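> Heads up, the sequence shown is in full-length UniProt numbering, so the first residue is 1 and it goes up one at a time.
Keep in mind that the hints were calculated from the coordinates and are not lab data.
It should be emphasised that the depicted structure is a prediction, and the values quoted were computed from it without experimental measurement.
Hints are supplied without guarantee of correctness; some may be wrong.
[To be verified] Label-pair distances were calculated between CB atoms; the ranges are:
id : residue 1 : residue 2 : range
1  : Asp80     : Thr166    : 35 to 45 Å
2  : Lys229    : Gln61     : 21 to 31 Å
3  : Lys351    : Pro57     : 32 to 42 Å
4  : Arg113    : Ala373    : 31 to 41 Å
5  : Ala374    : Ala291    : 53 to 63 Å
6  : Asp192    : Asp72     : 28 to 38 Å
[Said to hold, decoys possible] Once the Cα atoms are required to be at most 30 Å apart in a straight line, the calculated DSSO-like pairs of lysine-lysine come out as:
id : residue 1 : residue 2
7  : Lys299    : Lys344
8  : Lys229    : Lys242
9  : Lys299    : Lys229
10 : Lys229    : Lys344
11 : Lys242    : Lys107
12 : Lys45     : Lys229
In this text, a Cβ means the ideal position worked out from N, Cα and C, and glycines have one as well.
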Amino acid sequence: MSGLAVVGGGPAGLMAAEVARAAGVEVDLFDARGSVGRKFLIAGKGGLNLTHSEPMPMFVQRYREREGEITDWLRDFDADALREWARGLGVDTFVGTSGRVFPTDLKAAPLLRGWVRRLRDHGVRFHVHHRWLGWDDSTTSAEHRGSGGSRDHSALRFATPDGERTVRADAVVFALGGGSWPQLGSDGAWQDVLRERGVDVAPLQPSNCGFDIGWSEHFAGRHAGTPLKPVIAHWRDATGVKHAQQGECVVTQTGIEGSLVYALSAELRDAIARHGSALLHLDLAPGREQARLRDALAKPRAGRSLSEHIRRQAGLSGAKSGLLRETLDRQAMDDPATLAATIKRLPLVLKSARPIDEAISSAGGVRLEALDAALMLASGAHAVPAGTFFAGEMLDWEAPTGGYLLTACFSSGRRAGEGAVAWLARRDGA
Numbered sequence: 001m002s003g004l005a006v007v008g009g010g011p012a013g014l015m016a017a018e019v020a021r022a023a024g025v026e027v028d029l030f031d032a033r034g035s036v037g038r039k040f041l042i043a044g045k046g047g048l049n050l051t052h053s054e055p056m057p058m059f060v061q062r063y064r065e066r067e068g069e070i071t072d073w074l075r076d077f078d079a080d081a082l083r084e085w086a087r088g089l090g091v092d093t094f095v096g097t098s099g100r101v102f103p104t105d106l107k108a109a110p111l112l113r114g115w116v117r118r119l120r121d122h123g124v125r126f127h128v129h130h131r132w133l134g135w136d137d138s139t140t141s142a143e144h145r146g147s148g149g150s151r152d153h154s155a156l157r158f159a160t161p162d163g164e165r166t167v168r169a170d171a172v173v174f175a176l177g178g179g180s181w182p183q184l185g186s187d188g189a190w191q192d193v194l195r196e197r198g199v200d201v202a203p204l205q206p207s208n209c210g211f212d213i214g215w216s217e218h219f220a221g222r223h224a225g226t227p228l229k230p231v232i233a234h235w236r237d238a239t240g241v242k243h244a245q246q247g248e249c250v251v252t253q254t255g256i257e258g259s260l261v262y263a264l265s266a267e268l269r270d271a272i273a274r275h276g277s278a279l280l281h282l283d284l285a286p287g288r289e290q291a292r293l294r295d296a297l298a299k300p301r302a303g304r305s306l307s308e309h310i311r312r313q314a315g316l317s318g319a320k321s322g323l324l325r326e327t328l329d330r331q332a333m334d335d336p337a338t339l340a341a342t343i344k345r346l347p348l349v350l351k352s353a354r355p356i357d358e359a360i361s362s363a364g365g366v367r368l369e370a371l372d373a374a375l376m377l378a379s380g381a382h383a384v385p386a387g388t389f390f391a392g393e394m395l396d397w398e399a400p401t402g403g404y405l406l407t408a409c410f411s412s413g414r415r416a417g418e419g420a421v422a423w424l425a426r427r428d429g430a
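Construct all of the structure, not just a fragment, from the sequences and the given hints.
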């Protein structure tokens, strides 16, 4: 019977293992940590956002330039299919007010425990504390040595507590994650191993991340950790088209982060790469017209401080009021027209994204152009065994938070697992 090695025990790897084992393939799953699904558990700590209820045309737009490829994955396993799959593990879900989908108990642990238990019962063999190191070409069959092309049957090398171990497999699905959670094993160390073998890997970058602005010590000291809500972000995309989105963000010691910023992080990060900085405008008073704000702020203060005047007439205090002082000098603060205009379009110059190990996820990875539709590494100028598949955040795509990341990880794992089954069937039938 053919054997599949799955390297990585996150949602993508576990899903690949599930579909392969269901097809009768022997499956061994390897993970560097002491248990599988560590990042999945952390992601669900505050309430597991499993997927999103958006209609599919809007849902797939969240994947930006990879919309076409991920739409193809989702045709086989979409958000509804994911909810039905969870129900099969005894986990019902509900749609929150934001359209996000959660387990009824909001927890990740019961779903993961039930899933791993089912996989073990069905015969998937788990091997923890196995950190992948690369391939051992000394085990490659003689007819393939020195071919310069893709090899067959070279062994996988793993570091274990008992020393290095080599494992032979007929096919492999790699699902090692991106580079944003090194403490949980997603450290991107696989990049150099794959590049040395000629695999086309886009550099990993932070995604769903915060950005540095460079506040004054006074502002950061007073307002770091303070939420800004609600606000409307205004920005221009790479083609100059204007966009706006309402949401919430948080002042940090160095800049801003939070759900609204995460949703725009790809656009902002790419703008910084193009221009050296990104310009974001915040409307601090959604629903208030600029002309009415100007008229209200022009009223006599009657002896009140400027801060109290702004609070009474514009409804702004705390960090929002502090942002005005961070942006305008004293003369501008005393001008009602300038003050009102800034409230409605406060400019923020973002200088850099926060480091990747602080990000929720990462962009970059194995380029989809190097893979076939089944997510198998296509033949080419690389020295990687035939029957090598990739899934999850190892692939070059990204998505905002809101369930989109997890959904694509699940669906890519399913696609890779099914691809491995089909490839093994063709090979064994040849």
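> For each hint, tell me whether it holds in the structure or not.
Hint-by-hint comparison with the structure:
1. Asp80 - Thr166: 35 to 45 Å: holds, 42 Å
2. Lys229 - Gln61: 21 to 31 Å: holds, 25 Å
3. Lys351 - Pro57: 32 to 42 Å: 35 Å Cβ-Cβ, so the 32 to 42 Å window holds.
4. Arg113 - Ala373: 31 to 41 Å: holds, 33 Å
5. Ala374 - Ala291: 53 to 63 Å: The hinted range 53 to 63 Å holds for Ala374 and Ala291, with Cβ atoms some 58 Å apart.
6. Asp192 - Asp72: 28 to 38 Å: holds, 30 Å
7. Lys299 - Lys344: Status holds; Cα separation ~18 Å.
8. Lys229 - Lys242: holds, 21 Å
9. Lys299 - Lys229: holds, 26 Å
10. Lys229 - Lys344: Holds - the C-alpha atoms of Lys344 and Lys229 are around 14 Å apart, at most 30 Å.
11. Lys242 - Lys107: This hinted pair is violated, its Cα atoms lying about 38 Å apart.
12. Lys45 - Lys229: OK: Lys45 and Lys229 at ~23 Å, within 30 Å.
Checked against the numbered hints given earlier, this structure breaks only hint 11.
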